[in-house]
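S.K.: These are the residues of each chain, in order.
Number of protein chains: 2
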Amino acid sequence: MSDERHDWPVVESRTEYETGWYTGGYDLVEQPDGSRKRYYWAELPAAAVVVPVTDDTVVMVEQYRPAIGEHCLELPAGIVEDGESFTTAGARELREETGFDPSGTALLETFWTATGVLRHKRGIVFAEGLEPVEPSYDDNEFLEVRPVPIEEALERARESPANDATIEGLLLAKEEGVL
Amino acid sequence: MSDERHDWPVVESRTEYETGWYTGGYDLVEQPDGSRKRYYWAELPAAAVVVPVTDDTVVMVEQYRPAIGEHCLELPAGIVEDGESFTTAGARELREETGFDPSGTALLETFWTATGVLRHKRGIVFAEGLEPVEPSYDDNEFLEVRPVPIEEALERARESPANDATIEGLLLAKEEGVL
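Going down the list, the protein sequences come from chains A and B. Going by UniProt numbering, the residue at position 154 of the first sequence is 154; the numbering climbs one at a time, nothing skipped. Going by UniProt numbering, the residue at position 90 of the second sequence is 90; the numbering climbs one at a time, nothing skipped.
In short, the hints are calculated from the structure, not lab data. Check the hints yourself; a few may be wrong.
In silico DSS-like cross-links for lysine-lysine, where the CA-CA straight-line distance does not exceed 30 Å [said to hold, decoys possible]:
(1) B:LYS37 to A:LYS121
(2) A:LYS121 to A:LYS37
(3) A:LYS121 to B:LYS121
(4) B:LYS174 to B:LYS121
(5) B:LYS121 to A:LYS37
(6) B:LYS174 to A:LYS174
(7) B:LYS121 to A:LYS174
(8) B:LYS37 to B:LYS121
Here are some chain B residues the structure puts well away from chain A; computed CB gaps all over 10 Å [unchecked claim]:
(9) ASP55
(10) ASP56
(11) SER85
(12) ARG95
(13) GLU96
(14) SER103
(15) ALA106
(16) PRO132
(17) ILE150
(18) ARG156
(19) GLY177
Simulated restraints, written as ranges between beta carbons of each label pair [what the hints assert, rightly or not]:
(20) B:SER85 to A:GLU128: 38 to 44 Å
(21) A:HIS6 to B:VAL11: 44 to 50 Å
(22) B:ARG146 to A:GLU176: 24 to 30 Å
(23) A:ARG146 to B:ASP101: 42 to 48 Å
(24) A:PHE142 to B:GLU16: 23 to 29 Å
(25) A:ASP33 to B:LEU28: 43 to 49 Å
(26) B:ARG146 to A:ASP33: 17 to 23 Å
(27) B:ASP56 to A:THR15: 44 to 50 Å
(28) A:GLU70 to B:SER35: 19 to 25 Å
(29) A:LEU28 to B:GLU151: 38 to 44 Å
(30) A:PRO32 to B:ARG5: 49 to 55 Å
Positions of the beta carbon are idealized from the N, C-alpha and C atoms, including for glycine.
Construct the entire structure; sequences and hints are all you get.
M.R.: If you want it as structure tokens, here you go:
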């Protein structure tokens, strides 16, 4: 990264929309040509997406996603709470959503999601050595546990309504040789 | 999909925040237990993400992403305009951002992005047979073309600040055997 690169100074940053799910607003920034422009963003906490493997299956969940109005087959996932690491959050979400406690977790990758508009990080967590415990659903979670054979998981994930986190998690786990 | 499944009726849908980038609001829905809850969403047009391959390189772009305050190495991408298909939009964005016109495109996958909060579809478009034409940057695009050797592309994409669309596009192209 070169030193002479424009540093896009923020002239003004404003929060305009606050919900329990995300915060919306804009930054007014100075562009390389000297002009100023508002860049809008939606900010939400980081999320952990879990690739939980037991025997020959990936433990997936089926749930309704009100934002898109679709029932989705997904990897377990959830928001990283204050003070948690991605792996801690992933293990907690896995336990809460599926009733499996992992004996081992590994952070495969972290990245920004939808960089054109979101301020939102995602971490992909591999989980293995699953032991059954009692699930403890949040009061807003209505989901069904769906173990899917490993060799079918990606194909199922790519069927409509497909979602980015599940496809990406499975592909990264496959790329890393753990799936 | 079972007939007895709850259909999550929408009691009320409200738009509360409108920007040139996305629209924010909520749906009040009836949950399976009969309770009602507001689910917030941010809606934005579909985006095409292009995996452009020429000789032994993937044509990537480096640009500043004001939403996250980072310079990112990314696949070319942009919003699908009215009436465009994912492949048409992808070819146009590729031409505008890099100055390459593809002779062939293929839609590898479409999926929802960040289903917990976004109403936003993304399509991954493979592009080959690239011929140089004059680039025509939008007035808000300040980017540099970065051809990256195919064998290094995924590793470079996974370096911080990594972003989801680029990792996912490269992994899908690799999975399909075209990269």
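S.K.: Now tell me if each hint is right for this structure.
M.R.: These are the hints, each one checked on the structure:
{"no.": "1", "hint": "B:LYS37 to A:LYS121", "verdict": "holds (25 Å)"}
{"no.": "2", "hint": "A:LYS121 to A:LYS37", "verdict": "holds (24 Å)"}
{"no.": "3", "hint": "A:LYS121 to B:LYS121", "verdict": "holds (18 Å)"}
{"no.": "4", "hint": "B:LYS174 to B:LYS121", "verdict": "holds (21 Å)"}
{"no.": "5", "hint": "B:LYS121 to A:LYS37", "verdict": "holds (25 Å)"}
{"no.": "6", "hint": "B:LYS174 to A:LYS174", "verdict": "holds (11 Å)"}
{"no.": "7", "hint": "B:LYS121 to A:LYS174", "verdict": "holds (24 Å)"}
{"no.": "8", "hint": "B:LYS37 to B:LYS121", "verdict": "holds (24 Å)"}
{"no.": "9", "hint": "ASP55", "verdict": "holds (24 Å)"}
{"no.": "10", "hint": "ASP56", "verdict": "holds (20 Å)"}
{"no.": "11", "hint": "SER85", "verdict": "holds (16 Å)"}
{"no.": "12", "hint": "ARG95", "verdict": "holds (19 Å)"}
{"no.": "13", "hint": "GLU96", "verdict": "holds (15 Å)"}
{"no.": "14", "hint": "SER103", "verdict": "holds (26 Å)"}
{"no.": "15", "hint": "ALA106", "verdict": "holds (15 Å)"}
{"no.": "16", "hint": "PRO132", "verdict": "holds (24 Å)"}
{"no.": "17", "hint": "ILE150", "verdict": "holds (15 Å)"}
{"no.": "18", "hint": "ARG156", "verdict": "holds (13 Å)"}
{"no.": "19", "hint": "GLY177", "verdict": "holds (14 Å)"}
{"no.": "20", "hint": "B:SER85 to A:GLU128: 38 to 44 Å", "verdict": "holds (41 Å)"}
{"no.": "21", "hint": "A:HIS6 to B:VAL11: 44 to 50 Å", "verdict": "holds (48 Å)"}
{"no.": "22", "hint": "B:ARG146 to A:GLU176: 24 to 30 Å", "verdict": "holds (25 Å)"}
{"no.": "23", "hint": "A:ARG146 to B:ASP101: 42 to 48 Å", "verdict": "holds (44 Å)"}
{"no.": "24", "hint": "A:PHE142 to B:GLU16: 23 to 29 Å", "verdict": "holds (25 Å)"}
{"no.": "25", "hint": "A:ASP33 to B:LEU28: 43 to 49 Å", "verdict": "holds (44 Å)"}
{"no.": "26", "hint": "B:ARG146 to A:ASP33: 17 to 23 Å", "verdict": "holds (21 Å)"}
{"no.": "27", "hint": "B:ASP56 to A:THR15: 44 to 50 Å", "verdict": "holds (46 Å)"}
{"no.": "28", "hint": "A:GLU70 to B:SER35: 19 to 25 Å", "verdict": "holds (21 Å)"}
{"no.": "29", "hint": "A:LEU28 to B:GLU151: 38 to 44 Å", "verdict": "holds (41 Å)"}
{"no.": "30", "hint": "A:PRO32 to B:ARG5: 49 to 55 Å", "verdict": "holds (52 Å)"}
In summary, this structure violates none of the numbered hints.
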